[in-house]
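In the working numbering, the protein residues as written are 140 to 1113.
Distance windows between CB atoms, simulated:
{"#": "1", "residue 1": "ALA1065", "residue 2": "GLN854", "range": "41 to 47 Å"}
{"#": "2", "residue 1": "ASN782", "residue 2": "PRO982", "range": "21 to 27 Å"}
{"#": "3", "residue 1": "ASN782", "residue 2": "TYR1099", "range": "49 to 55 Å"}
{"#": "4", "residue 1": "LYS949", "residue 2": "ARG869", "range": "39 to 45 Å"}
{"#": "5", "residue 1": "GLY720", "residue 2": "ALA1065", "range": "38 to 44 Å"}
{"#": "6", "residue 1": "GLN926", "residue 2": "PRO982", "range": "40 to 46 Å"}
{"#": "7", "residue 1": "PRO982", "residue 2": "GLY699", "range": "54 to 60 Å"}
DSS-like cross-link-like pairs, simulated, lysine-lysine; straight-line CA separation at most 25 Å:
{"#": "8", "residue 1": "LYS993", "residue 2": "LYS952"}
{"#": "9", "residue 1": "LYS1015", "residue 2": "LYS952"}
{"#": "10", "residue 1": "LYS713", "residue 2": "LYS949"}
{"#": "11", "residue 1": "LYS713", "residue 2": "LYS811"}
{"#": "12", "residue 1": "LYS729", "residue 2": "LYS786"}
Because the hints were derived from the structure by calculation, they are not lab data. Note that the structure is a prediction, hence the values are computed from the model and not measured. Here a beta-carbon is modelled for each residue, glycine too, at the ideal position from N, C-alpha and C.
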Amino acid sequence: MSAPNWLPSIKAKLLALLLLSIFLVLTVVGTLLSVGVERFHREETREVFATAQRALSAEIRARQTFLLQMAGRLAADEALVASLNLVSRYSDPLHYDPLVFDGEKKRLAGDLARLSSATDHLSLVVVDSRGQWVAFGRVEKNGQEAGFLAFDNAGAPLAWQQDSLSPNQWHAGRTPVEVEFLAGLARNAPPTQAMVRSPDGLMLLASAPVIRHFPRGEPLTVGRVVVAQTLGQGFLEQVTRYTPLHFGLLFAQGQVVGDIQALASEVDLSRAAPLLKNAGNPLSGWQETPRHFLMLFSLPLLGNEQAYPLLVLEKEGVNKQVRETLGVLLLVLLLAGALVVPLSQALANRGISRPVLNLLASVERVKTGQYDGIAGQAPGSVEFASLFDSLQDMAHTIRSREDQLRLWASVLEQSREAVFVTDAENRILLVNRAFVAVTGYTLEEARGRTPRFLQSGRHDQAFYANLWRSLKETGHWQGEIWDRAKDGRIHPQWAAISAVADAAGTVSNYIAIYSDLTEHKAAQDRIQFLAQHDPLTGLPNRMLLQDRLTVAIAAAAREGHEVGVLFIDLDRFKTINDSLGHSVGDELIKGVTKRLQDAVRESDTVSRLGGDEFIVVLHRIRRSEDAAHVADAVLAQLTAPFNIAGKELRVTASIGISVFPADGEDEEGLIKNADTAMFHAKERGRNNYQFFRPEMNARAGERLALENSLRGAVQRKEFVLFYQPQVEIRSGRLVGAEALIRWRRGDSGFVSPADFIPLAEETGTILEIGDWVLAEACRQQVQWDQQWPAMGLKPVPVAVNLSSLQFRQKHFKENLLDIVGDYPLPAGRIELELTESIVMEEPEQVGAVLAELKQAGLRLSIDDFGTGYSSLSYLKRFPLDKLKIDASFVRDIVNDSADLAIVHAVVSLGHSLGLKVVAEGVEHEAELLILNAMGCDIAQGYHFCRPVPAEEFQAWVAAYVPVPLRGGVPMPES
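Produce the entire structure from the sequences given, and follow the hints as far as they go.
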């Protein structure tokens, strides 16, 4: 593609703009660098001043410390103390003896001179207790000096000095000014250390008293040692020897020390006074003159005087460094500018033509819908980056919107909700696949038509007027609507209709989304039905029953007739459920439901409360005898056997009847009283009906009291175990015993197991009771193991009954083995008696549990065999030890041939399975002889002993004499 004619003009303008920008950048950078360099050098100058000040302060502190330490050492020197003590105490100017004192003073002066050589400008002076100087030693530019003070015959002081060429020669001279100065300070008791102004400048001094200590008496001050050092020109030069600074001392009276004589006139102490108050700040005394940088700070002197150290730096040196640095930086900037100009021109040539051509090509591709081939920006053409980014964003936006349109089209087509779109005049433009499936109309059939052709006729004009009013006011409407499909079917739908407006706010389209509610309505109806009906039988549940019974009572109260309530409970249904399984039990419940409905009128209500309990409401009966007729019909209907899963089952019912208004005035009272009457029917032997009588409530109250007492009976230790022996029929030997629970209920005496065991099963307290029975039987066995051998008795196994409720517990096996494991009993001493219903409930799982119990050393037997339902194919797989024939069969074997045949069959069956057979309920010798003839193994019953407490059982065992039987005739032991 050729370059457009406007491209060179743009390149020239961009190049000029680039050059102008470079010039401005160089100007700004140069200005900032100039200011920065000058500021940098000023800060560097200030740091030089601060460093010098810190060096001065450190040097002064070091010298003061040195002087103080030297004064202390001299004052403690024993020779000096002795000499000064001699001079101070015995030297009198009027009676001065040179032979005694001059030699001592010469020696002292010589020692001071040697000590003063430790450093330059050091002076050592010793004064006596009267303040008169005694000797001195010092170091000056000309060398060491030493001297002492003597007195002539008239008592006038006479100074002697050591000859510098011949140290042993001394000559009279005058007292040095500095010595007189220090002696004068010593007479005024100067501080331990101080700075003073001296004739040569600044002097540091330290003093220490010379004290003579005596073995007895108080110490005596015999003089003072003064050590001083003059800070003169040499000191000033030493402090600034590594810096370009000039250093001097300035005093308020105008005296100047150091090489700053010419600058003293430039220092304005009055202007610096406010800064000197903050002398702790190293930069507080900063001043600037036209030709110099100055720093002034103060040093306090003895006598409230001040010395002002002054640091001076010539500006010319600093300005020269600034100029040199700026020259280097300017040269660097000019070189950078010289390189940038041609480079910028090259970049402009390269960064305009190629990006523009690429941009034009990319625009053409976007126009034709080719979004993937958009060219990127040319290298270095940063100025075109936003144009390419905008073009790419535009292409991505267009492509994204096209993808979204395709996606929405796919969503619309694949949606399970029916969707159609109309124009502003409500004419259909689009429909989706779900619309076709729900209505039966294709797009061709619906396009251009208004949705009126879908109206079902179930909605009036007001409904549609409200719909359009909501669309116009809010732009939206939703609700349930019934439409008619193409095949004429009317179906409910949940519709959501929205108005679509353009940028000007004018409605351009309407979108309707429909969800078919047919299944939802059916589910709602099902939920409503299940809320009021039993799911197994479809009968009304308690809630619906109460509603109907309430309506029936209200109608009966208005019209003066009666309402009957029959509470029906199937007899021994639990046995069927436990032995044959819940599926068989459910089928039996359905069969009973059908027969109950056949026994009543269509206007009556048959309901199921749950389990095996039903309630029948008899509407509009004239007298209570009508309820009795219905109860007879129900019992008659249940007489015929039920054929379920290939088994012929028989079931009976116990029925309680209450009648409105005699037995209750509301539904709760009628149901409660009918329930009470039903329990009375069960107590009367089942398979009958009983009308409610007020005295039945007393019986129900007794049952409730019995249930309350049963809870906690284990904790109150009201239970006790009785034991009944089991005897081998042929030999007469004692081979075992059965543990039978008895309840001593407070002060009321013993309660029959027939009364409290079913109640314990019903309330669940049998779990706690069963655990106690097993633990107590084990405990008693352990006690007998300890006692019986000494009595010549042999312990025997004890059988314990298990409840089906216990066996169904999740951790039954673990709990049982934990209880048995707490007692040290040999294997086989505990026997578990299980009913047929337990072992046949889930044979495979039960067999596995029984195998583990058998492996743990427990014996197993089937109790009350023949009263339930057993599968011989499963029975032979179980690891059993015994079969126990129920007492109801044994009791009449003498007179009843059927019972005789049953017992004989059970004995034969048990032996064929390899099991011992135990006959319960043996009360007479005739029964024992028959059982012996049949080959029955073991007998248990009143013929031997009633169930008795443990102590009595032990006494019975001790007194028992076995009587063997042979051939059906009792034979004495040989």
